[in-house]
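Participant: For reference, the chains in residue letters:
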Amino acid sequence: MVYLAMLALACTLLLSGLLADWDQGLSNKITIQIMPLGDETSEEIEAHLTETIRILLITPGIAEANSIPITEIAAMLEPWLGAAAHVAELPLPRLIDVTLEENRNIDIEGLSKQLAENVPGITLDDHHFWREQFSKLVRSLEVLAILVVGLVALAAIGVVVFATRGGLAVHRELIEVLHLIGAHDEYVANQFQRHTWHNCLRGSVVAGIFGIATLVGISQLAKELDPTLLPTIEVEIWQWGTLILVPIIASLIAMWTARRTVMRALARMV
Amino acid sequence: MPVKQQTKPNAADGVVRFENVGMRYGTGPEVLRDLSFSLGPASFHFLTGSSGAGKSSLLKLLYLARLPSRGLITLFGRDIATISRRDMPEVRREVGVVFQDFRLLNHLSVFDNVALPLRISGLHEGIIRKHVIELLTWVGLADSLRARPPTLSGGQQQRVAIARAVISRPRLLLADEPTGNVDDVIAMRLLYLFEELNRLGTTVVIATHNDALVSRFGRPRMELEAGMLKFHKANVATPSTIDSVDSTAEAQSTWPPVRSNLTDKLSG
Chain A
1 MVYLAMLALA CTLLLSGLLA DWDQGLSNKI TIQIMPLGDE TSEEIEAHLT
51 ETIRILLITP GIAEANSIPI TEIAAMLEPW LGAAAHVAEL PLPRLIDVTL
101 EENRNIDIEG LSKQLAENVP GITLDDHHFW REQFSKLVRS LEVLAILVVG
151 LVALAAIGVV VFATRGGLAV HRELIEVLHL IGAHDEYVAN QFQRHTWHNC
201 LRGSVVAGIF GIATLVGISQ LAKELDPTLL PTIEVEIWQW GTLILVPIIA
251 SLIAMWTARR TVMRALARMV
Chain B
271 MPVKQQTKPN AADGVVRFEN VGMRYGTGPE VLRDLSFSLG PASFHFLTGS
321 SGAGKSSLLK LLYLARLPSR GLITLFGRDI ATISRRDMPE VRREVGVVFQ
371 DFRLLNHLSV FDNVALPLRI SGLHEGIIRK HVIELLTWVG LADSLRARPP
421 TLSGGQQQRV AIARAVISRP RLLLADEPTG NVDDVIAMRL LYLFEELNRL
471 GTTVVIATHN DALVSRFGRP RMELEAGMLK FHKANVATPS TIDSVDSTAE
521 AQSTWPPVRS NLTDKLSG
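Same order as they appear, the protein sequences are chains A and B.
When we follow the numbering used here, the leftmost residue of the first sequence carries the number 1, and every step to the right adds one.
When we follow the numbering used here, the leftmost residue of the second sequence carries the number 271, and every step to the right adds one.
Since the hints were made in silico from the structure, they are not lab data.
Be a bit skeptical, because a hint or two may be false.
Unchecked claim - Not close to chain A: a few residues of chain B, all C-beta gaps over 12 Å, as computed: (1) Glu-300; (2) Asp-349; (3) Glu-360; (4) Glu-364; (5) Asp-371; (6) Asn-376; (7) His-377; (8) Asn-383; (9) Glu-404; (10) Asp-413; (11) Gly-424; (12) Ser-438; (13) Thr-449; (14) Ile-456; (15) Glu-465; (16) His-502.
Claimed, not checked - Restraint ranges, calculated between C-beta atoms of paired labels, are given here: (17) A:Ala-169 / B:Arg-418: 46 to 56 Å; (18) B:Asp-454 / A:Arg-260: 26 to 36 Å; (19) A:Leu-147 / B:Ser-339: 25 to 35 Å; (20) A:Ala-169 / B:Gly-298: 33 to 43 Å; (21) B:Arg-355 / A:His-198: 52 to 62 Å; (22) A:Phe-162 / B:Asp-371: 26 to 36 Å; (23) A:Asn-190 / B:Gly-298: 12 to 22 Å; (24) A:Asn-190 / B:Lys-503: 45 to 55 Å; (25) B:Arg-355 / A:Ser-219: 49 to 59 Å; (26) A:Ile-244 / B:Ala-412: 45 to 55 Å; (27) B:Asp-454 / A:Asn-190: 37 to 47 Å; (28) B:Ala-412 / A:Leu-151: 27 to 37 Å.
Positions of the beta carbon are idealized from the N, C-alpha and C atoms, including for glycine.
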């Protein structure tokens with residue numbers, strides 16, 4: 001239970017972290033793409049780039065505009081095309097990475113129109129579409145993961161209730177003796193509560209260690225894979241802290257449930 | 271000749287007082303009917319009756335496991351119907367019970383079993399240790415402090431059960447068939463132990479089938495028959511317990527008592 005809850009929670013944390021990274025990375029960025037029309041020379045393309053950057057830099061609200069070197073574009077394409085591809089001979093689009101000034105709303109449409117008038121084959125991408133799609137996907141995954149955490153918690157409560165009731169049935173005699181020799185309800189409940197707390201904590205810690213090991217394993221694996229294909233899965237310190245709370249919270253829930261169950265059973269005795 | 275128990279003049283101070291008490295389980299027939307009696311401090315009674323006559327039910331009323339269906343029960347001068355559920359444990363602590371089947375906690379050591387009533391009362395662990403070891407030595411179980419009850423003989427378990435019942439110096443001691451599982455020699459020793467406690471001021475009620483034992487001990491007898499209670503005077507001509515024991519003086523002696531010849535009786 002604790003193991004599943006931890007993994008689901010880790011999922012939620014990582015996804016929201018990922019989304020935040022993406023949003024931050026893209027929200028003040030636009031990418032301008034100049035498609036080769038097929039008949040230009042490389043000098044003409046360079047001229048187009050220079051012209052575009054000039055226009056961009058005089059536009060208010062734009063902090064930076066850098067042409068991305070062809071070698072870098074080639075490197076980005078390498079996983080798909082292979083190292084042997086003659087990148088120079090391919091009609092690759094040229095990209096300009098534009099950074100906007102913080103908190104400045106610029107007229108994307110106007111800029112797009114102005115650029116198109118001056119440079120042929122130019123398109124402007126403010127990542128709006130992708131950002132929206134991606135965040136929708138991540139949000140729904142997050143909701144799913146939170147649902148899993150909730151379900152696991154409910155199932156855990158159910159298990160503890162039944163386990164405690166079973167324990168009560170087995171220890172009926174013990175409870176009755178304690179009751180008859182003058183123990184207060186709280187005393188009896190405390191005994192059970194402590195017992196449940198110890199048991200659950202022991203189990204949860206083991207599950208927690210497994211959970212953390214699994215997460216470390218996954219993030220190591222992700223690091224070894226090509227970083228351009230997968231986003232980095234890094235669990236931050238505060239996230240570790242949250243995850244370590246899972247076994248403790250689970251044990252607290254178990255303890256509270258045990259207490260309530262015992263108190264209710266005792267209330268039926270004279 | 272059965273005679274009706276005379277109500278003592280200071281009945282209000284009595285340890286137990288029943289007035290027209292009736293009890294039934296659920297909607298079943300009354301297993302106890304119109305019980306009216308009182309037990310004074312430091313009295314000693316056997317409770318007899320054929321099986322199913324209601325002995326255990328009467329004991330359940332006495333150790334507050336059950337409430338009567340009707341009538342008034344006063345324990346230590348308090349009407350139990352007016353005691354709140356929160357205050358019940360304090361009253362229960364004044365009552366020591368030796369259950370027929372002992373009801374020792376098998377996962378606890380002999381020491382912990384006997385220490386339980388004191389721990390429940392929240393006593394300091396050092397005091398608990400001192401008292402429990404003294405009492406267990408007194409009943410001849412000093413060598414079995416760490417043993418678990420299932421590893422002990424029936425007679426030893428019985429002594430553990432009795433030690434647990436008396437460790438907190440109850441004012442009322444109830445024993446249900448305490449001689450049911452042991453041979454006559456051990457039964458006699460146990461009764462000597464109860465007598466010793468009685469001499470210290472505890473009111474004792476012992477439910478038993480063993481008529482031979484009852485007549486040998488010469489103590490008054492309460493007989494349950496079809497849910498009704500009759501009192502019999504002691505069969506043997508011994509001084510009447512209720513009047514002969516100066517309970518107040520005895521009750522103030524130290525506990526556990528100094529090693530008396532009881533240990534010899536227990537081990538002899």
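Participant: If a hint holds in the structure, say so; if it doesn't, say that too.
Facilitator: To see whether the hints hold, each was checked on the structure:
Remark: the non-interface label on Glu-300 (chain B) is consistent with the geometry, its nearest Cβ contact in chain A lying 18 Å away (cut-off 12 Å). At roughly 15 Å from the closest C-beta of chain A, the C-beta of Asp-349 (chain B) stays outside 12 Å, upholding its exclusion from the interface. A cut-off of 12 Å between C-beta atoms contradicts the statement that Glu-360 (chain B) is not in contact with chain A; the least separation is 7 Å. Once the 12 Å rule is applied to beta carbons, Glu-364 (chain B) is inconsistent with being away from chain A; the minimum gap is 8 Å.
Asp-371 (chain B), annotated as away from the interface, has a beta carbon of chain A within 12 Å; the closest lies near 9 Å. Non-interface call for Asn-376 (chain B) relative to chain A: violated, since the shortest CB-CB distance, roughly 9 Å, does not exceed 12 Å. With a least CB separation of 8 Å from chain A, His-377 (chain B) falls inside the 12 Å interface cut-off, contrary to its annotation. At roughly 9 Å from the closest C-beta of chain A, the C-beta of Asn-383 (chain B) falls inside 12 Å, breaking its exclusion from the interface.
With a least beta-carbon separation of about 19 Å from chain A, Glu-404 (chain B) lies farther than 12 Å from that chain, consistent with its non-interface assignment. Distance check for Asp-413 (chain B) against chain A: the nearest CB is about 25 Å away, which clears 12 Å, and the non-interface claim stands. Taking the minimum C-beta to C-beta distance to chain A, about 18 Å, the non-interface status of Gly-424 (chain B) holds against the 12 Å cut. A Cβ of chain A approaches the Cβ of Ser-438 (chain B) within 12 Å, the least distance being about 8 Å, so the stated non-interface status is violated.
Against chain A, the non-interface label of Thr-449 (chain B) holds: every CB pair exceeds 12 Å, the least being about 21 Å. With a closest Cβ-Cβ approach of about 23 Å to chain A, Ile-456 (chain B) is found to remain outside the 12 Å limit, as its non-interface label requires. Distance to chain A confirms Glu-465 (chain B) as a non-interface residue, since its nearest Cβ pair spans about 23 Å, more than 12 Å. Every CB of chain A lies more than 12 Å from the CB of His-502 (chain B), the least distance being 29 Å, so the non-interface label holds.
At roughly 22 Å, the beta carbons of Ala-169 (chain A) and Arg-418 (chain B) sit outside the given window of 46 to 56 Å. Range check, Asp-454 (chain B) to Arg-260 (chain A): about 50 Å between beta-carbon atoms, so the 26 to 36 Å window is missed. For the pair Leu-147 (chain A) and Ser-339 (chain B), the beta carbons lie near 53 Å from each other, so the given range of 25 to 35 Å is not met. Checked against the hint of 33 to 43 Å, the pair Ala-169 (chain A) and Gly-298 (chain B) fails, with Cβ atoms roughly 24 Å apart.
A hinted range of 52 to 62 Å for the beta carbons of Arg-355 (chain B) and His-198 (chain A) is inconsistent with their spacing of about 29 Å. The hint said 26 to 36 Å for the Cβ distance between Phe-162 (chain A) and Asp-371 (chain B), and at roughly 28 Å that hint holds. Our hint of 12 to 22 Å for Asn-190 (chain A) and Gly-298 (chain B) is violated, since their Cβ atoms are close to 36 Å apart. In this structure, Asn-190 (chain A) and Lys-503 (chain B) meet the distance hint of 45 to 55 Å, their C-beta atoms being roughly 48 Å apart.
About 55 Å separates the C-beta atoms of Arg-355 (chain B) and Ser-219 (chain A), a value consistent with the hinted range of 49 to 59 Å. About 48 Å separates the C-beta atoms of Ile-244 (chain A) and Ala-412 (chain B), a value consistent with the hinted range of 45 to 55 Å. At about 43 Å, the beta-carbon gap between Asp-454 (chain B) and Asn-190 (chain A) stays in the expected band of 37 to 47 Å. In this structure the hint that Ala-412 (chain B) and Leu-151 (chain A) lie 27 to 37 Å apart at CB is violated, the actual value being about 56 Å.
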